[in-house]
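K.L.:
Below, each chain spelled out in residue letters.
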Amino acid sequence: MISSELALALAVGVCLTLSANVVWLGTRRPFPGCSAISLLCAYAFTICWNETGFILVGVLGATVVSLLIGLFLHESCELLPQSSFILFSLAAAEIAKRLAYHFSLLTGGSSGLSVSSEIGRLNGLWLLMCSGVAAVGVAYLWNSTKEGAKWRSAGESPVSAQTQGINDVSCRRRAWILASLLAGLAGCGYSCAIHFIHPDDFGLSLGLAALAAGMASRPRSLILDLPIAVTVLFGFREILRHVGSSSERFAWHEIVVGAALAIIVLLAGALQGKDVANTNA
Amino acid sequence: MQLLDTFLASWCLQFLCVAAFSMQFVNLRLVTLSLAVAFPCGALAASYTASSGSGLVQIVAGILAGILAASLAGTFDLWCMGRNAAFTLLASLGVLKVLQAVLTLCGFGGIQSMPFMGDLGAGTPFGRPVWLPYALVVTLAIVAFSAYLRRSRSFFLSTIAVGDSKTLSSLYGISPTAVFFKVQVLGGAIAGATGVFLAADNGVRPDLGTMMALKAFAILSLSRSSLTMQLVLTALLVITEYAAAYYLGGHAREALGLVLLCVIMLIEGKIRGQEAVQ
Chain A
5 MISSELALAL AVGVCLTLSA NVVWLGTRRP FPGCSAISLL CAYAFTICWN ETGFILVGVL
65 GATVVSLLIG LFLHESCELL PQSSFILFSL AAAEIAKRLA YHFSLLTGGS SGLSVSSEIG
125 RLNGLWLLMC SGVAAVGVAY LWNSTKEGAK WRSAGESPVS AQTQGINDVS CRRRAWILAS
185 LLAGLAGCGY SCAIHFIHPD DFGLSLGLAA LAAGMASRPR SLILDLPIAV TVLFGFREIL
245 RHVGSSSERF AWHEIVVGAA LAIIVLLAGA LQGKDVANTN A
Chain B
386 MQLLDTFLAS WCLQFLCVAA FSMQFVNLRL VTLSLAVAFP CGALAASYTA SSGSGLVQIV
446 AGILAGILAA SLAGTFDLWC MGRNAAFTLL ASLGVLKVLQ AVLTLCGFGG IQSMPFMGDL
506 GAGTPFGRPV WLPYALVVTL AIVAFSAYLR RSRSFFLSTI AVGDSKTLSS LYGISPTAVF
566 FKVQVLGGAI AGATGVFLAA DNGVRPDLGT MMALKAFAIL SLSRSSLTMQ LVLTALLVIT
626 EYAAAYYLGG HAREALGLVL LCVIMLIEGK IRGQEAVQ
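Residue numbers (my numbering), protein chains in the order written: chain A, 5 to 285; chain B, 386 to 663.
For reference, chain A alone in the conformation it holds in the complex:
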């Protein structure tokens, strides 16, 4: 039986990975900043919940924030070339963290923000089940719906999609919104389970791990690829919880994430190059 902490880590991993996967397949852009969306949504959720005492207001607040971020990212993505967009999202992730530190009256700054509600903590296993449902939904979207096929063709080749009468910009916008909502779900779930949120909670490492796992999860075998990738990249630190110091565990996790990212990204690049070569031939 898996512990609640491991289940929480895996649940957050599944949601973030799905978010990166939707962006990757729907827009063909690698996006390492989904953890920053989770952070902002977790803060929006906790602040709204604390201020009003109603959890639904918190959910509404987080949804609005994730929608706004999704739309903003879509517009930025349309403007910027790929490498600039990656630099942009790295900078934006750091800005989100700094803002969380800066607005300490609202966010608690470096002391973090606790949930003041008396409702009990959500068990990580429940969250893992919810994220499992989301994963099945995303797999269904890619494999069995016309909408998913449209999104993929709009991301793969916008010109071909346009000739088929598909509004490619609108498809990409919807993909960004879904990705933001999934990342927001990770943030809200985390806040519900821990009842505490800190600016360092959703670091860049989580975003990079999600990107690597999201790019490694193929749409046809998403249900098989996703658990393996998430267990390796997100469960690793929790599995090694009793081994070595926290600094050593962090370092080993960084090594696994960094190496996986470099290998997966280069493989994806090589495959894309092969596709282009085949098309030219």
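Among the hints, a few may not be true.
Just so you have them, the derived chain B footprint on chain A, three or more residues with Cβ under 8 Å [said to hold, decoys possible]:
{"#": "1", "stretch": "85-98"}
{"#": "2", "stretch": "258-265"}
Cβ pair distances, simulated, as ranges [said to hold, decoys possible]:
{"#": "3", "chain 1": "A", "residue 1": "R222", "chain 2": "B", "residue 2": "E660", "range": "29 to 39 Å"}
{"#": "4", "chain 1": "B", "residue 1": "R609", "chain 2": "A", "residue 2": "G116", "range": "37 to 47 Å"}
{"#": "5", "chain 1": "B", "residue 1": "Q387", "chain 2": "A", "residue 2": "G116", "range": "28 to 38 Å"}
{"#": "6", "chain 1": "A", "residue 1": "E79", "chain 2": "B", "residue 2": "E660", "range": "16 to 26 Å"}
{"#": "7", "chain 1": "B", "residue 1": "F392", "chain 2": "A", "residue 2": "E252", "range": "34 to 44 Å"}
{"#": "8", "chain 1": "A", "residue 1": "R224", "chain 2": "B", "residue 2": "I656", "range": "38 to 48 Å"}
{"#": "9", "chain 1": "A", "residue 1": "L109", "chain 2": "B", "residue 2": "V487", "range": "37 to 47 Å"}
{"#": "10", "chain 1": "B", "residue 1": "Q659", "chain 2": "A", "residue 2": "L109", "range": "36 to 46 Å"}
{"#": "11", "chain 1": "A", "residue 1": "N54", "chain 2": "B", "residue 2": "G634", "range": "17 to 27 Å"}
{"#": "12", "chain 1": "A", "residue 1": "S7", "chain 2": "B", "residue 2": "L441", "range": "46 to 56 Å"}
{"#": "13", "chain 1": "B", "residue 1": "G658", "chain 2": "A", "residue 2": "D204", "range": "29 to 39 Å"}
{"#": "14", "chain 1": "B", "residue 1": "G634", "chain 2": "A", "residue 2": "R224", "range": "41 to 51 Å"}
Residues of chain A clear of chain B, computed beta-carbon distances all greater than 10 Å [said to hold, decoys possible]:
{"#": "15", "residue": "S115"}
{"#": "16", "residue": "N147"}
{"#": "17", "residue": "N171"}
Because the hints were derived from the structure by calculation, they are not lab data.
Beta carbons are placed, not taken as given, at the ideal position from N, Cα and C, and that holds for glycine.
Got chain A sorted already, so can you dock chain B onto it with the hints?
P.N.:
For chain B alone, kept in the frame of chain A given last:
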């Protein structure tokens, strides 16, 4: 006087960071972050040579460690040169994470909590950091060397040629590998020295200088190969950051620098898009 010292210190650090990435980013058109590993390596080497008691020895050790680290990271960059820029950038970020984690494991009990050792980390009774005169000398030397490189032309032009087309430049008798490693050694040396000063200011951390590297990309995107523009834009960035720090606090300072980066990239993207339409 203290304000001037603080401005000069930040300006030197940011300019050195810009100079380290300049040739790689502008001439070779390689957008990678793996060179950033030279910052903590330089800092670590300088910290280990602290027993010498000489600032100069610490800086030289930092430069040598920077060159070594940059050459190691350069092997990966060389392999990536000519590939998709976005994938190269992401893969270099992965490599940087691995190297930073290895540094954490190799440091004595983790370098995250390790203070910078040696005289350079101290401050004078007037609050001026001891490393500032050293940093100013290194910065001036690099400005002079950069100006010389631009005038001597042959090496500078060969870097642009390799960045433009690896195949074509090798047909004209320029070895892309040799040119690339020369650029990497120069960048590594500057980054190593910058790491020493950065660590003297903030302590040794594995992610030392990574955010400064991102801001350096913004400055380089605007200034391209113009040395004067690089100096002026760095000064403007530092002034804006200090204004933000004075009025809004320390975290806002870092955020503002990165907001500027985002705004610059968005404006550049918009202009490029309009040009493409026209």
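K.L.:
Determine for every hint whether it applies to the structure shown.
P.N.:
Hints and how they fare:
Note: the stretch 85-98 of chain A has 12 residues with beta-carbon separation from chain B under 8 Å; the three-residue rule is met and the coverage holds. Counting residues of the stretch 258-265 of chain A whose C-beta lies closer than 8 Å to any C-beta of chain B gives 7; at least three are required, and the coverage claim holds. About 37 Å separates the C-beta atoms of R222(A) and E660(B), a value consistent with the hinted range of 29 to 39 Å. For R609(B) paired with G116(A), a C-beta distance near 43 Å keeps the hint of 37 to 47 Å intact.
A beta carbon spacing of about 34 Å between Q387(B) and G116(A) agrees with the range 28 to 38 Å that was offered as a hint. Roughly 19 Å separates the CB atoms of E79(A) and E660(B), a value that falls within the hinted 16 to 26 Å. Checking the proposed 34 to 44 Å range against F392(B) and E252(A) shows it holds: the Cβ atoms sit about 39 Å from each other. Distance hint check for R224(A) and I656(B): the Cβ-Cβ separation is about 40 Å, which falls inside the suggested range of 38 to 48 Å.
With their beta carbons about 40 Å apart, L109(A) and V487(B) fall inside the hinted range of 37 to 47 Å. Between Q659(B) and L109(A), the C-beta spacing of about 41 Å keeps the proposed range 36 to 46 Å intact. Distance hint check for N54(A) and G634(B): the Cβ-Cβ separation is about 23 Å, which falls inside the suggested range of 17 to 27 Å. Range check, S7(A) to L441(B): Cβ separation about 54 Å, and the 46 to 56 Å hint holds.
For G658(B) and D204(A), the Cβ-Cβ distance of about 36 Å falls inside the hinted range of 29 to 39 Å, so the restraint holds. For G634(B) and R224(A), the Cβ-Cβ distance of about 50 Å falls inside the hinted range of 41 to 51 Å, so the restraint holds. No beta-carbon of chain B is positioned within 10 Å of the beta-carbon of S115(A); the least distance is around 14 Å. With a least CB separation of 26 Å from chain B, N147(A) remains clear of the 10 Å interface cut-off, as annotated.
Every CB of chain B is more than 10 Å from the CB of N171(A) (nearest about 19 Å), matching its label as outside the interface.
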